[in-house]
Amino acid sequence: MALAHSNRPLSPHLQIWRWGPAMLVSILHRVTGNGLAFVGLSLLLWWLGSIASGPEAYATFMTYVWTGADGGLSAITAILGKIVLVGLSWAFFQHAATGIRHLVLDIGVGYELSVNARWSVFTMIASVGLTALFWGFVLLR
Amino acid sequence: MGNGTSIGRVRGLGSSHAGTHHWLAQRLTAVGNLIVIPFLGISLALLPAHDYVTVHGWAAKPLSATMLVLLVLNTLYHARLGVQVMLEDYIHEEGGKVASWMLINFVPAAAAVFGIVSIIRIALGAA
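Protein sequence lines, in the order shown, are assigned to chains A and B.
Residues in the first sequence are numbered from 1 upward in steps of one, following the UniProt record's numbering.
Residues in the second sequence are numbered from 1 upward in steps of one, following the UniProt record's numbering.
Isolated chain B (complex conformation):
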């Protein structure tokens, strides 16, 4: 960003034109969450017990494992979009913006990989 000419002072400060995609993705994942989160809640409420063998056996079923992967991906994506909006409202310094940008990209990606590796191990690993 320059500080000489009028155009130099404003260049790079406008819209990134990514807002519509962010807005739509937020709503699409919101609807997805209305399916995957009640699936988890109802499944856990209906389990006869919550000991390791019962819970592991439930999570290892193909339908459960599929829904758990979708749950991890959809909730983390939705959360990442929402936390971004929150941080944009409260973080105004350049350093904070860069730190926030790394936080909302690195943390959900690492969390998603951890969650999916765990679910694959549950579904495919020896019980």
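Chain A on its own, in the form it takes in the complex:
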């Protein structure tokens, strides 16, 4: 970069700051958003394409992502698939909660330090709670 040899002071990076809830959920918002964009949408399109391609393609999708019915490689990818799907559902709930937080901040409220920290912590409680509720409903009903 053009400024590589400049003697001007650098702004402090991650390791300098004392971690706080607002900083954490800001990072989580970016990480979950990009995870959903790259992993989530790829999986969604594979799923849609497999349904459109017919029963065999759909069976392949289900085997590798969920059931592991063919054994071997699919048994491993099915474990990963379940972790990824639960992770994606949590990522959605976290990204949605911090997204709603951003929409609220956009109207100009919630900037007091204590309020901001409380709402930040709440987004993480909400995402974990909603993920547990969703999978509890899916698996136990």
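Because the hints were derived from the structure by calculation, they are not lab data.
Careful: at least some of the hints might be erroneous.
[To be verified] Chain A regions said to be covered by chain B (calculated; three or more residues, Cβ under 8 Å): (1) 25-37; (2) 41-49; (3) 55-64; (4) 83-97; (5) 125-138.
[Claimed, not checked] Facing chain B, from chain A, some residues (calculated, C-beta under 10 Å): (6) I100; (7) H102; (8) L103.
Ideal Cβ placement from N, Cα and C applies to all residues, glycine included.
Fit chain B to the known structure of chain A by using the hints.
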């Protein structure tokens, strides 16, 4: 970009004046996502089974197919805007910027076409 006069050195480096539209579109699609993504999640959770016939039959219904097309378009648009912001923060070289610019335009467009063609085939094709 020139390197002679003062105006030549800065010309083309300012705002593109597209930021407000990007910002608004990000929020508009965010609200849309709060409708279309829970629709998919709740629909799949409520299906009695997840075999091919059940899932295909659900996706082929007009309401499901409509919501799936909206889901594909809205999530890809929202993702494209968000990934652009992420890349703008981390990519500073000219070559990387050009590659990023092509990535965030070509990939979502191709993905949207694939998703919509799939949904149309599900909804209109022979089961």
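Structure-based check of all given hints:
1. 25-37: Check passed, 5 qualifying residues.
2. 41-49: As far as the segment 41-49 of chain A goes, the hint holds, because 5 residues have Cβ atoms under 8 Å from chain B.
3. 55-64: holds (count 4)
4. 83-97: holds (count 3)
5. 125-138: With 3 residues close enough to chain B, the hint holds.
6. I100: holds, 8 Å
7. H102: At 8 Å from the nearest chain B Cβ, H102/A passes the 10 Å test, so the hint holds.
8. L103: With a minimum Cβ separation of about 7 Å from chain B (threshold 10 Å), the hint on L103/A holds.
In the structure shown, no violation is registered for any of the earlier numbered hints.
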